[in-house]
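Full structure from sequences and hints, please.
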Amino acid sequence: MTRPHSLPSADLRSFGLSSDRRRALIPVASALGGADHLTLDGVSKSFPDRRVLTDVSCTVASGERACLIGENGTGKSTLLRIIAGLDDDHGGRVTVPGSVGLFHQQPPFALGLTVQEVLDEATAPVRAVAGEVTRLAEALADPADAAHTGNPTDTATPSDTAIPSEVATAYDRALAEAVRTRAWEVDQQVDRLVGGLELARIPRTRPALSLSGGQLSRLALAWLLLRRPDTLLLDEPTNHLDARGTALLVDLLQGWAGPVLIASHDRAFLDEVATTLLDLDPAAQLHRDVPGASDAGNAGSGFGLTRYGGRYTDYLLHRIGERERWERRYRDEQAELKRLRRQVKDNHTVGNADRPPPTEGKMAQKFYADRNAKVVSRRVNEAATALARLEESQVRRPPAVVSFGGLAAAASGEGPASGAGPVLVATEVALAARLAPVSVQLGARSRLLITGSNGAGKSTLLRILAEDLMPDAGSVTTIGRLTVGLLGQDAEHLTEAERGAEDETAAESYRWAVGDATAQRVALGTFGLIAGRDEQRRVRDLSVGQRRRLDLAVLLADPPDVLLLDEPTNHFSLLLSTQLEASIPGYPGAVVVASHDRWLRAGWQGERLELTPPSATESHELPSPRAEQG
1 MTRPHSLPSA
11 DLRSFGLSSD
21 RRRALIPVAS
31 ALGGADHLTL
41 DGVSKSFPDR
51 RVLTDVSCTV
61 ASGERACLIG
71 ENGTGKSTLL
81 RIIAGLDDDH
91 GGRVTVPGSV
101 GLFHQQPPFA
111 LGLTVQEVLD
121 EATAPVRAVA
131 GEVTRLAEAL
141 ADPADAAHTG
151 NPTDTATPSD
161 TAIPSEVATA
171 YDRALAEAVR
181 TRAWEVDQQV
191 DRLVGGLELA
201 RIPRTRPALS
211 LSGGQLSRLA
221 LAWLLLRRPD
231 TLLLDEPTNH
241 LDARGTALLV
251 DLLQGWAGPV
261 LIASHDRAFL
271 DEVATTLLDL
281 DPAAQLHRDV
291 PGASDAGNAG
301 SGFGLTRYGG
311 RYTDYLLHRI
321 GERERWERRY
331 RDEQAELKRL
341 RRQVKDNHTV
351 GNADRPPPTE
361 GKMAQKFYAD
371 RNAKVVSRRV
381 NEAATALARL
391 EESQVRRPPA
401 VVSFGGLAAA
411 ASGEGPASGA
421 GPVLVATEVA
431 LAARLAPVSV
441 QLGARSRLLI
451 TGSNGAGKST
461 LLRILAEDLM
471 PDAGSVTTIG
481 RLTVGLLGQD
491 AEHLTEAERG
501 AEDETAAESY
511 RWAVGDATAQ
521 RVALGTFGLI
531 AGRDEQRRVR
541 DLSVGQRRRL
551 DLAVLLADPP
561 DVLLLDEPTN
571 HFSLLLSTQL
581 EASIPGYPGA
591 VVVASHDRWL
601 RAGWQGERLE
611 LTPPSATESH
621 ELPSPRAEQG
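In UniProt numbering, the protein residues as written are 1 to 630.
Please keep in mind that the hints were generated in silico from the structure rather than gathered at the bench.
Hints are not guaranteed to be accurate.
For each label pair, taking beta carbons as the anchor points, the in silico distance ranges come out as [said to hold, decoys possible]:
#: 1; residue 1: L209; residue 2: A247; range: 25 to 33 Å
#: 2; residue 1: L209; residue 2: L86; range: 17 to 25 Å
#: 3; residue 1: Q254; residue 2: F109; range: 25 to 33 Å
#: 4; residue 1: L609; residue 2: T313; range: 23 to 31 Å
#: 5; residue 1: A582; residue 2: E336; range: 26 to 34 Å
#: 6; residue 1: A200; residue 2: E138; range: 34 to 42 Å
#: 7; residue 1: G606; residue 2: G528; range: 19 to 27 Å
#: 8; residue 1: R389; residue 2: L609; range: 52 to 60 Å
#: 9; residue 1: R51; residue 2: L86; range: 17 to 25 Å
#: 10; residue 1: W184; residue 2: P48; range: 49 to 57 Å
#: 11; residue 1: G255; residue 2: D89; range: 34 to 42 Å
#: 12; residue 1: A200; residue 2: R325; range: 46 to 54 Å
#: 13; residue 1: G63; residue 2: T477; range: 55 to 63 Å
#: 14; residue 1: A247; residue 2: T518; range: 37 to 45 Å
Ideal Cβ positions, reconstructed from N, Cα and C, are used throughout, including at glycine.
Written as structure tokens, this is what we have:
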């Protein structure tokens with residue numbers, strides 16, 4: 001695998017410096033030396049239980065912002081890890097220009113560091129670049145020093161006063177790198193990122209280990225952007241960003257000089273950032289004769305990719321059209337298969353149209369009978385041949401579309417009736433440093449969208465409504481035998497027993513969570529959230545998006561009267577997010593959504609509640625570790 005990464009720390013020969021002079025200099029990252037394209041050539045990856053990537057080939061040029069899209073589990077995160085060099089157990093070749101930086105679920109720094117130490121670590125390479133330019137500039141300004149061997153007993157002669165070409169070359173390269181990384185603006189960049197990513201309120205002396213999941217994710221993103229890698233890889237970078245943070249990220253990416261490859265389910269973000277869409281979804285390639293679909297391998301493996309130009313909106317319209325054509329072809333083919341099977345089965349009726357009149361003589365009757373037999377035989381053979389050919393190359397059944405249409409039948413019927421007045425009332429609930437006093441009143445069919453910047457307490461409010469968290473002030477009152485269900489952002493709240501279920505298959509985990517009776521009544525595949533082939537995979541082997549789909553399936557198996565969704569589009573595929581939003585109006589109960597998703601917010605039909613962060617004067621108490629996401 002070819003990896004022309006950044007300059008090795010122990011070798012300055014690529015700067016053209018002599019062995020004696022090298023000792024006084026600090027290496028800096030190369031400014032996209034050599035190839036300036038990220039290239040994947042036949043990249044393949046298999047796990048023991050499945051193949052996830054097969055023959056993935058593409059090129060991402062410098063300045064291009066390519067976005068990986070596809071259903072959950074199609075290998076987007078895996079591909080990013082391969083490109084970053086974190087997974088060498090794969091086929092094919094990866095060529096990466098310059099240094100590589102990956103933003104993903106695991107922070108790139110030690111959690112024992114303080115926030116300030118993390119920022120210092122992030123800016124160290126860029127500051128080294130600025131220092132290198134200064135040292136080389138001084139060497140160029142003093143030819144005698146530039147020609148010095150580094151031995152204190154040596155003296156320069158007049159012939160040594162010419163500037164060595166290797167020093168001039170090294171200076172040019174260091175200067176180009178300093179310009180690319182904006183080395184002289186590093187302090188301004190720190191302030192801009194800390195402010196834009198809602199990190200300014202966090203004391204710089206606070207350990208990273210004590211931060212919430214959302215805060216830690218934003219600090220990791222700041223760390224990576226301050227490092228200024230040549231090639232930038234981002235895995236769900238907007239999951240914990242509010243509108244301000246997302247706008248900042250969009251601005252930075254639009255000016256990024258090197259290749260950028262992003263895996264994201266943020267539709268508005270894709271519309272603003274993407275110059276190219278790379279679809280890893282096999283469903284785009286499993287039906288025949290559909291424009292835009294490529295024939296890249298066999299079905300169900302997460303194979304190949306389809307490249308789309310234009311914005312995500314254009315892509316979505318294209319995929320909707322593909323889906324409609326796929327469904328139409330499937331229906332037409334199933335009707336033809338049914339007709340052919342009936343024709344083969346009922347072959348005795350094929351020749352009835354040519355039956356001779358009853359008044360004909362025996363010779364005529366035999367003539368007609370022989371002719372009918374030949375016709376029947378020919379037509380039956382033709383039908384059987386056509387049936388075999390069609391059965392061998394059938395259009396695959398389109399995957400199920402997530403829908404809440406069946407929830408009414410699954411509901412217990414013991415919840416509140418529609419139009420019966422408020423069913424849940426929260427009065428002036430508050431939590432120190434995490435949620436300012438707020439009141440909420442829900443009816444049996446309420447639709448409420450909660451918005452607000454990071455730190456406003458959206459996740460905290462949902463947990464209080466679910467009675468998963470007790471407020472410091474205020475009260476929550478429910479009417480009758482009300483059930484409330486919460487889909488959280490992550491699994492940090494799981495009990496040890498629930499964590500043990502990760503060794504079970506998805507089907508076993510679902511049955512354990514909902515009970516045998518409910519699992520028999522409402523199968524795991526009812527809502528189109530988990531593919532049949534994934535039901536027998538261990539939970540720990542599922543992608544983050546697939547595990548979140550499983551959590552939602554558990555929640556919907558016995559649908560609560562009040563459904564609370566915390567950032568419901570995080571980690572869900574683009575098409576699933578669209579389907580989920582479209583299904584909310586049909587939910588047979590109240591729905592409360594907390595979201596930063598601008599696409600979801602733009603199309604919301606219902607009430608809205610915007611939260612503001614609690615003021616610093618309300619409490620100086622710090623939030624408990626890893627408790628608040630947004």
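What are the numbers of the hints that this structure violates, sorted from low to high? none
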